[in-house]
Structures are given as structure tokens and as C-alpha cells.
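**Q** On the provided structure of chain G, position chain R as indicated by the hints.
Those protein sequence lines, which keep their order, are chains G and R.
Position 9 of the first sequence, counting from 1, maps to 9 under the working numbering, and the rest follow consecutively.
If you count the second sequence from 1, you need to add 177 to reach the working numbering.
Hints in this document: simulated from the structure, not taken from any laboratory.
Heads up, some of the hints might be wrong.
Interface residues of chain R toward chain G, partial, derived using beta-carbon atoms under 8 Å [to be verified]:
(1) 400
(2) 401
(3) 425
(4) 464
(5) 467
(6) 513
(7) 515
(8) 602
(9) 606
Facing chain G, a subset of chain R residues (Cβ under 10 Å, in silico) [as the list claims (entries may be wrong)]:
(10) 445
(11) 489
(12) 537
As the structure is a prediction and not an experimental result, all values here were calculated from the model.
Ideal Cβ placement from N, Cα and C applies to all residues, glycine included.
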Amino acid sequence: MGTQSYSIFKASLLVCSLALFAACSSTNSVEDDEQISGGESDTGSTAQPSGVEQTPALTAEEIAAQEALRTTIFYFDFDVAEFKADDRDTLSYHARNLAANPDRRIRLEGHADERGTREYNLALGERRANGILNYLIVNGASRAQVEVVSYGEERPAESGQSEQAYSMNRRVEIVGR
Amino acid sequence: MKPYRLLLAITLLAANAPARAELSIQITQGVDNPIPIAIVPFQSSGFGLGAEDVARIVADDLEQVGEFRALARENLLSMPGEQSEVFFRDWQILAQDYLLVGKVTGTPGSQLVQVQYEFFDVNRELLLAGEVLTGSVSQLRDIGHEISNIVYEQVTGIRGAFTTQILYVAAEQTPGGGANFRLEKADYDGRRPQVLLRSQEPIMSPNWSPDGQNVAYVSFETDLPRIYTQNIATGQRRQITNYSGINSSPVYSPDGGMLAMVLSKDGSPDIYVQDLRSNELIRVTDHPAIDTEPSWTPDGRSIVFMSDRTGQPQIYKIELGASSFDIERLTYDCFQCAKARFLPDGNNLVHVRRETRQSPTYQIAIINIETLRVITLTDTSLDESPSLAPNGSMIMYATKFQGKGVLDAVSIDGLVKFRLPSAQGDVREPAWSPFLN
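Chain G extracted, bound-state conformation (with noise of 0.2 Å):
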């Protein structure tokens, strides 16, 4: 499906980003929120696959928004609604994303494991993506620019009975649209 593989290849990213910003950690800590932008579109320039040295252009905070924003997949704890308080931060990032984006549209897919009926996961799902779709908004993001939809538990991330399979399956996505 389109928008999995689009996850996948976003989580992927984030897994390269990282490694590389380890690297040439700075200590500027100048905040300008004006200059975030559009995640997604300039991932290519800083996922360099050389070795050469990092053009310090990008401040501390730019760097930590465009890994927040890297982070589109939020997972969930056993039977709760509630986002994690560690994914507190990313989202805000996102959510100002979106402040200075009016045209940028996501999506909020949200997801359950299988356990409980069907339909009490679809609900639940929804119940995910609206705390974050909340979340968003309060922190600056239109309502128009997101659509929330709930998958329940049909669309799992993980087959399986395991309780690995089921933490990766617990989650909202956001997906670009």
C-alpha cells in the first residue's frame, strides 16, 4: 500500500538522519521557528551518504525539527487513548510544521492491536488520532489540514500474537497528503 511503504521508507530516514547527526552534534541553541520547514522536502540534502563534513548551515533547532518531523509513527500503551509524553515534543514540532504550512494536508491513521472486538478498535483507533489531531491543533495546526481516519485493528503494522507484535501495532501514522 502506498501509504505503508511511504512509513516505512520515512522511518528508514530517520534511522539514517540519526546516525549521521551523532556525528557533528553542535551547541548552537539559537531558536528561530520561522525557518522550519517543510520536512519531508529537503530530507535528500542531509542524508549525505559521504563522509565529508556537515556544511554548518542548519542550527540545533532546525536539526531537532526535521528529526521530530522525521517521526511519523506514535505507538501506544495496552487499552490507552493517550499519546506518550516523550512524543510530546515531536509533535509539537509537527504541529508548527503545519502553522507555517498552510498548504501542507496530513492524514492521521489511527491503529489498534487485535485484542477486543473490531469495532471497539475502530473507535479506539479514532479515539489515538484525535488526541493527536487535539494535540496538533492547540499547538497551531488548522483543522482543515488534518484528516483523521481509523483502520482499528485491520491494517496491522506486524502479524502475529506476540506482544512485540502488538506494541508495533498499537499506533497512529501520519501520513502526507
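**A** Positioned in the frame of chain G, the structure of chain R alone reads:
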């Protein structure tokens, strides 16, 4: 009368594309003292090889529901085809309570066959039922199921459900992370599956109209969950809803005129009813928690649903037209109770039950809402989507076996179980048809 009915059924079935693989049945648990019945292979003449073994179809039907045990063919002492060839003493020696014999006669140069059967009480040496059924060779399976219905009703007094069908959803993972979803219809035993709808997006919640002619379901084919109805014979579809948010759980009212459903257009999932003639939409519940899984009470006046308004799923009931505050809670003694539906008696509620917070296992159970007595029917851990046979004798449900979605059936006393393993992919969400004839 009967032959015309059968001919009609087959003509309509042929309009649908056949599914690739068939389900086949497996009895996993039976009663201790099944009724012994001798089913003699039907004598056949006048048509070619490859036709259905009618006696085998009847024997499989009766053994599946657990109350009968068919005498093994190698133990038959004689092979009568009609009453004049029956010597009751033979069958009394073999300790058989009942005897079924028959003949299948073809018409040269034609697809028509005549099936004559006779059903006897061995101890009373009495003919209980017998007739001649006519149909085409391809209808021999239907005729076999029809004979099973008659035998079952003669012995138990309960109408047989062997000519009923099931709907279910099959899903297959495809290379590259996608999936294929199919809405299928099959005989009650999983044989002769037909694909009603294929999609690369999820299909959910199939539900029969009470006349057995239409199915309502949820399809994500537009990337969003929307409710559709489809005429089974013609394939003609109608999109019923296009509201923002969740559109799910369509369930026909007992008179077929209305569709209960779940919509989250006003913020959180609530129960609604849509009149299928006027398209008027009536809101039934109004609560910020999740309300879902509606089902109708047998009298069609109230709706049973699941809500997590107290924190965890429990089952509630509301009368149509009542204030959304006038809600009766039906379950208290489970950590989660969900997907409830009344048996025809209006007192016993089939549901999916998770007993405790500590143990996330989900089983099919029945609770009597007067006495609060609970019978747990299954002992696997991911059981869901219970659907009742129209004669109230068995419940089909979805569970997992060796990591795969399968359909199981259990008698409402929990004693008998059988399984319909799927050849391909996961099968889930069975919906047992009403009586179709």
C-alpha cells in the same frame, strides 16, 4: 414446490464469481451420547460419475451439529434403497435409532435428477418422512442439506439450518505490505464460497438483511470507512453513508426497514438509526465515550450496544425514542463485555467477554440478564464476532488457530464445536444468514 425453490437459488448463485479455495469442516468437540443413525448410500442410476454423494452430505451435516453419530459405512449389513428393501431387525441389531435410505435417478440427456428419500424410526418400525425432490445435478448438495433439515426436525423438533449460508471477510497479506480483502458468502459449512466484493482496502461488519437478499457492510474503498448495501443476487450496490469520521457497524432492523449504525460525525462514536426508505437519520445515543456495536432486540423496539462510558466496555440497552439518558446497563460482572446480541428469547445475551483486567483473553459467553447466570462457551483466547444460527442452535464466531483467523461454531450449550479451516488467508467476522427458504 421444492424443486422450483432450489432451481431459483442456484441460478442466482451462478451470477457470482467462484472463490478460489473452499473451506472444509472439522468437528472438534461432540456430545457424549449422540443419537445413532444409519444413513445408507443412496442408490443411483441414470447419470454420470462425479456427482455429489447425497448420503455423505446428510451424514456430515448431522454429525457436525454434534447430536448425531452416523453408522460407519463398513458396518452396514445391507444397502436398502427403499422401504420394501428395509428389514428393521438388521438396524435394531446394529443399535441404530434411525435409518435414512434413498435413490437418485437421472434423466438421460438431461441435467435433471430425482432424489427419493425415506426416513424411519427403527425401534417403532415406522416411516417418519419421505418424498421425491427434483433438481439439477449441480443442486444435489442443496437437496442433501434439505434432507438433513427434515431429518433434524423430525428427531429434535427444531427447524434445521443446513440450507443456510454465512458471510465472512477473508484477508490475505500481499508481498510489499499490502493486503487483499474479500467479502465472501458460503454454505453454512463453508462449502461453495462465492466472492461478493474484492478490495485492497479493509472490509468489515457484514450483516444480512432479514430476507436474506441484501448485505450491509463497511468498506474503506474510498480510503474512509463508509457503509454500503449490496444485493446478493444482482451485485447492485448502494452507498448508505458519507459522514465524516467513523461510519461502521451496520445492522438491519428485524423488519429490514432500518439500519442501526455507528457514526462519529459529532465528535465521538454514537449509535444512529437510518430509515432505509426515507433516509431519515435518528440519533440514538449521545455520549462523549465510545458507543458502538449496536444490535436490535428481537421485538425491534430497542437497541443493545457497547459503551466504555464507565471506563471499560460494558453492554447497555436503550429503547428507540427514549431519552439518551434513559439507558439500562446490562452487564457488571466482567472487565469487558462487548458485541452483544439477544437470543430469540429476549433474555439471554450472547457476547464477547474478557473476565479480568489481568488476563486479556476474549471468549464467547451467554448471560441471562434476569438471573445473571453466565455460561462461557469457548476456551480459546481471541474469540470474537459471534453470530447466531437462525434456529438458535449454534453460534459461529471468529478465533485464531496457529496464528491464522478461522471460523468456529459452538452449540449454545457449549457442548458441540466444529471448525471451518480456511485454505487461504485469514477469515473473520462470520454472519449467519436468516432462513433462506
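**Q** Of all the hints numbered above, which does this structure not satisfy? Sort the numbers upward.
**A** 4 and 8
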